[in-house]
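Please take these sequences and the hints and turn them into a complete structure.
This is what each chain is made of:
2 protein chains.
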Amino acid sequence: METRKIYIKNTLSGKKEEFKPLVEGKVGMYVCGPTVYGEPHLGHARSAVTFDIVFRYLKFLGYKVRYVRNITDVGHLEDELNGQGEDKIAKKARLEQLEPMEVAQHYTNLYREMMARLNILPPSIEPTASGHIVEQIDMIEKILANGFAYESDGSVYLDVAKYAEKYQYGKLSGRVLEDLLHGSRALEGQEQKKHPADFALWKKAEAGHIMQWRSPWGMGFPGWHIECSAMSIKYLGLPFDIHGGGMDLKFPHHEAEIAQSHAAFDCAPVRYWMHNNMMTLDGQKMAKSKGNFISLSQMFSGDHPLLEKSYNPVTIRFLVLQAHYGSTIDFSNKALQSAEVASGKLLKGLKLIDDLTADEVVNTETDLSAQILSTCERCYEKMDDDFNTPETIAALFELLRLAQILKHNKGTISKEALSTLQATYRGFLTDVLGIIDESSSQDELLPEVMEILMEVRKQAREQKQFAFSDHIRDRLAAIGIQVKDEKEKATYEFDRN
Amino acid sequence: METRKIYIKNTLSGKKEEFKPLVEGKVGMYVCGPTVYGEPHLGHARSAVTFDIVFRYLKFLGYKVRYVRNITDVGHLEDELNGQGEDKIAKKARLEQLEPMEVAQHYTNLYREMMARLNILPPSIEPTASGHIVEQIDMIEKILANGFAYESDGSVYLDVAKYAEKYQYGKLSGRVLEDLLHGSRALEGQEQKKHPADFALWKKAEAGHIMQWRSPWGMGFPGWHIECSAMSIKYLGLPFDIHGGGMDLKFPHHEAEIAQSHAAFDCAPVRYWMHNNMMTLDGQKMAKSKGNFISLSQMFSGDHPLLEKSYNPVTIRFLVLQAHYGSTIDFSNKALQSAEVASGKLLKGLKLIDDLTADEVVNTETDLSAQILSTCERCYEKMDDDFNTPETIAALFELLRLAQILKHNKGTISKEALSTLQATYRGFLTDVLGIIDESSSQDELLPEVMEILMEVRKQAREQKQFAFSDHIRDRLAAIGIQVKDEKEKATYEFDRN
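Residue numbers (the working numbering), protein chains in the order written: chain A, -5 to 491; chain B, -5 to 491.
Quick caveat, the hints were computed from the structure, so don't treat them as lab data.
Hints are not guaranteed to be accurate.
Intra- or inter-copy, both count: the list cannot distinguish identical chains.
Unchecked claim - Below, computed lysine to any residue pairings styled on SDA-like, alpha-carbon distance capped at 25 angstroms:
#: 1; residue 1: 483; residue 2: 472
#: 2; residue 1: 483; residue 2: 391
#: 3; residue 1: 342; residue 2: 476
#: 4; residue 1: 156; residue 2: 103
#: 5; residue 1: 244; residue 2: 262
#: 6; residue 1: 483; residue 2: 453
#: 7; residue 1: 58; residue 2: 148
#: 8; residue 1: 198; residue 2: 186
#: 9; residue 1: 136; residue 2: 213
#: 10; residue 1: 401; residue 2: 480
#: 11; residue 1: 452; residue 2: 477
#: 12; residue 1: 458; residue 2: 6
#: 13; residue 1: 136; residue 2: 244
#: 14; residue 1: -1; residue 2: 392
#: 15; residue 1: 339; residue 2: 488
#: 16; residue 1: 401; residue 2: 485
#: 17; residue 1: 342; residue 2: 441
#: 18; residue 1: 452; residue 2: 472
#: 19; residue 1: 136; residue 2: 199
#: 20; residue 1: 188; residue 2: 8
#: 21; residue 1: 409; residue 2: 358
Structure representation (structure tokens):
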């Protein structure tokens, strides 16, 4: 295993810290996955790509990583901040007259499919909230027993004021407790809470609520925050190494996870918190209400008024990686098209670099070995430095530039340096960054080659070489391509089904 | 919706019965899915294809089908008959030093991938046993409250003798209660049971058992049979329409499901029980110990000493469909290769039939319309008759034979009959049987088209039309195909990686 020093910007401290896993050589990582009540969109892609990179780089260095990413199929309320509102999945189910688990399954399948297309590795464990009711009830009972929660009319709330007597509430998000305790409006339907800042651990099911379980407090369903605490602790232990998610989850979701863990086990759950930043579209926040909300299938098909064309999954992946995960990204047709060109160049470089040969005698003046080796090292250094993918991409472009010099015989390289170059370039581009040529390039080529052949045939006809043009037509017919000469132009179609 | 009479061989009565869903136009179906501790194999394929066909045909007729297929990720003991032995998944996990849920996730992902390759539609809901502990505990408590189970040293068993006082035990499998009560050996470690025929609803976790949950009876895990009862009832209600599975599951698993449902709710769970038969390989029962156990990935790659070549998923699917689900199938290279040829013929027929044109004037002597319409009707009749896929395939071959007569202008067909032919042939082959051409035929075409283009270019060079041949070379270079003129002949290679 490579023993390199990795630095992670820990959202909890606001500082870059050296990453030291609890158990040498092993990493436990938990990332908040999707709520499966709608189409996977660009926001899902950014978070998934961000932590896919962490997963991939740690594995690349030889760590054994257990990566847990959950599926929220219950308990995510629409009015997240105040814990009120209708369960998102149940609402959608009623609209579609489906069993809520059928809706969840549908969108879970779609999410998995889209993630696979983005070349995101499946997590080691993909637990569902509805599948961990026992574990959530167990944890709530511990919090109640420790006096940090109270039951009220069949629901259970975390008592933020009580919690704050012993622990600091707001340490991750930087929220000030006083503001939270006094700033929140007392909303209707919150009468059961001692205080508006308290959040639900368990919610009583209203009559007709279609997702509910038996609990010590009657029929109900878990609050949104408790699932991630229960599932991360179950599969990764307490504490565990890395917890990731989108920046929008810092408060209340991750703040609540920290509180739940202290309240139940008197222990901070996570050693390194990582948060990816958000995305905009042409400078605007994406939102369904603004009509600039683009699903991943729309990106891949181009079927959206704001899109000039369809974009390959690898292009979207590359655009995400062109920014550091802590920065915002603006999606625009221009940025996507640049990403398409840039990723295409790096992919072409694979063959160019694989085809290079080492020089038996190095020319001390033009030898590039040292420069190439230090640029290879730079790929690692940039990833070690809080997973700085844009800088790693820049180093790959530099390697490609140097390789082109070698290709044109304007420099020399030693055998060892070449072998490092080849392994590093391919390793970082395809294994670490996960940029692969997804198009079977031959699929795309057939129409282009056919176009050339049809053009040749047209020229022959214009020059009245009919025997020749007929010969081409017959040869094509023999392999199942039917050419039809029409007034304007000749067309062709495939015979086979 | 087509209102046709469908007949299902109900394993419970041993007779073909007319299928009448509980709610008109809607069907609830539950099928026992895989235990995810190993590679998906041919047995999984047969069961999945069998019930995929039921799902597809009912949907084809316009039924709204909720199809639930579970994932057993806990509770399946190695010694199934006696409920002893080590939990299969936990054992594998210890061997591989993995979290058991990580093993389960790995094989679940593999199962889903293999099923997708076999063109098996994903079920509407795919619940996991570990995700329904609450529901299983609830049901066990009901059985206890009704007096049909007893607790013994932290485990709970169904009391078969007590159950048999009120209900018939063995009605599905035809087992005789007396034999069960007196025939079973009293095995070691079964001392907690009143009687060897009793089966576990909940098992106490031994020290160090890595999958366990809190329950009213202490830490433990559910018995294998209770999961299917709890999950089918949760998502489909009680009773529901169809329950499917392999014939080997009749006893004890499905018998136990019936008993659990009566014992908890005084109600038979299922109206139509369907069981698919088993498969042999070259006439031998498949088993890991016999070395003739072939996984699906081995079938697809050909990487097994008993396989002469690799077989496409569609070939395996077709071979399964060439037998009625109630018959055994023998897998052999010969049978697979015949299935490959036969499915290829039917697939080619799609284009042939789509390209037919109707006759304006029918020749009363040679008109095939009536014969074709009755053969189309036969496709439905055979599927209506307990999903008789081999007979449906025979009817499709007959349609293809008639279509070939039409193609050679040796018969006529009316416009209406042609349109029925086209819709029926495609509908049954691709939608109902799920036989699709998985090879992108265009992939194969590129080298053939390139050969023609290279030949054209060679001719041009022979005729000293160098500007023309250079133009072709440059056009190809522009799309990434490099032509090299060598002494013997010109060659080309692809630029892209």
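Same-copy or cross-copy closeness of residue 188 to residue 8 [CA-CA at most 25 angstroms] | neither (32 angstroms within a copy, 62 angstroms between copies)
Could you place residue 458 and residue 6 in one of the four classes (within, between, both, neither) given a Cα distance threshold of 25 angstroms?
-> Result: close neither inside a copy nor across copies, 78 angstroms intra and 75 angstroms inter.
Is it within, between, both or neither when you check residue 136 against residue 244 at 25 angstroms Cα-Cα?
-> Answer is within: at 24 angstroms inside a copy they meet the 25 angstroms cutoff, but 42 angstroms across does not.
With 25 angstroms as the alpha-carbon cut-off, assign the pair residue 136 and residue 213 to within, between, both or neither.
-> both (19 angstroms within a copy, 16 angstroms between copies)
Is it within, between, both, or neither for residue 409 and residue 358, if the alpha carbons may be no more than 25 angstroms apart?
-> Result: close within a single copy only, 15 angstroms intra versus 81 angstroms inter.
Taking 25 angstroms as the upper bound on the Cα-Cα distance, should residue 483 and residue 472 be classified as within, between, both, or neither?
-> both (21 angstroms within a copy, 23 angstroms between copies)
Quick one: residue -1 to residue 392, C-alpha cut-off 25 angstroms, is that within a copy, between copies, both, or neither?
-> Classified as within: same-chain Cα gap 23 angstroms, cross-chain 70 angstroms, threshold 25 angstroms.
Up to 25 angstroms CA-CA - residue 186 versus residue 198, copy category | Result: close within a single copy only, 11 angstroms intra versus 39 angstroms inter.
Is the C-alpha distance from residue 483 to residue 453 at most 25 angstroms within one copy, between copies, in both cases, or in neither?
-> Both ways: residue 483 and residue 453 sit 12 angstroms apart in one copy and 24 angstroms across, limit 25 angstroms.
Is the C-alpha distance from residue 156 to residue 103 at most 25 angstroms within one copy, between copies, in both cases, or in neither?
-> Neither: 41 angstroms inside a copy, 44 angstroms across copies.
How do residue 342 and residue 441 come out at 25 angstroms by Cα distance, when the copy is not named: within, between, both, or neither?
-> So residue 342 and residue 441 pass the 25 angstroms test inside a copy (21 angstroms) and across (21 angstroms) alike.
Checking residue 401 and residue 485: alpha-carbon separation at most 25 angstroms within a copy, between copies, both or neither?
-> Answer is between; shortest inter-copy Cα gap is 22 angstroms, intra-copy 40 angstroms.
Comparing the model with each numbered hint stated earlier shows that hints 2, 4, 7, 12 and 20 do not hold.
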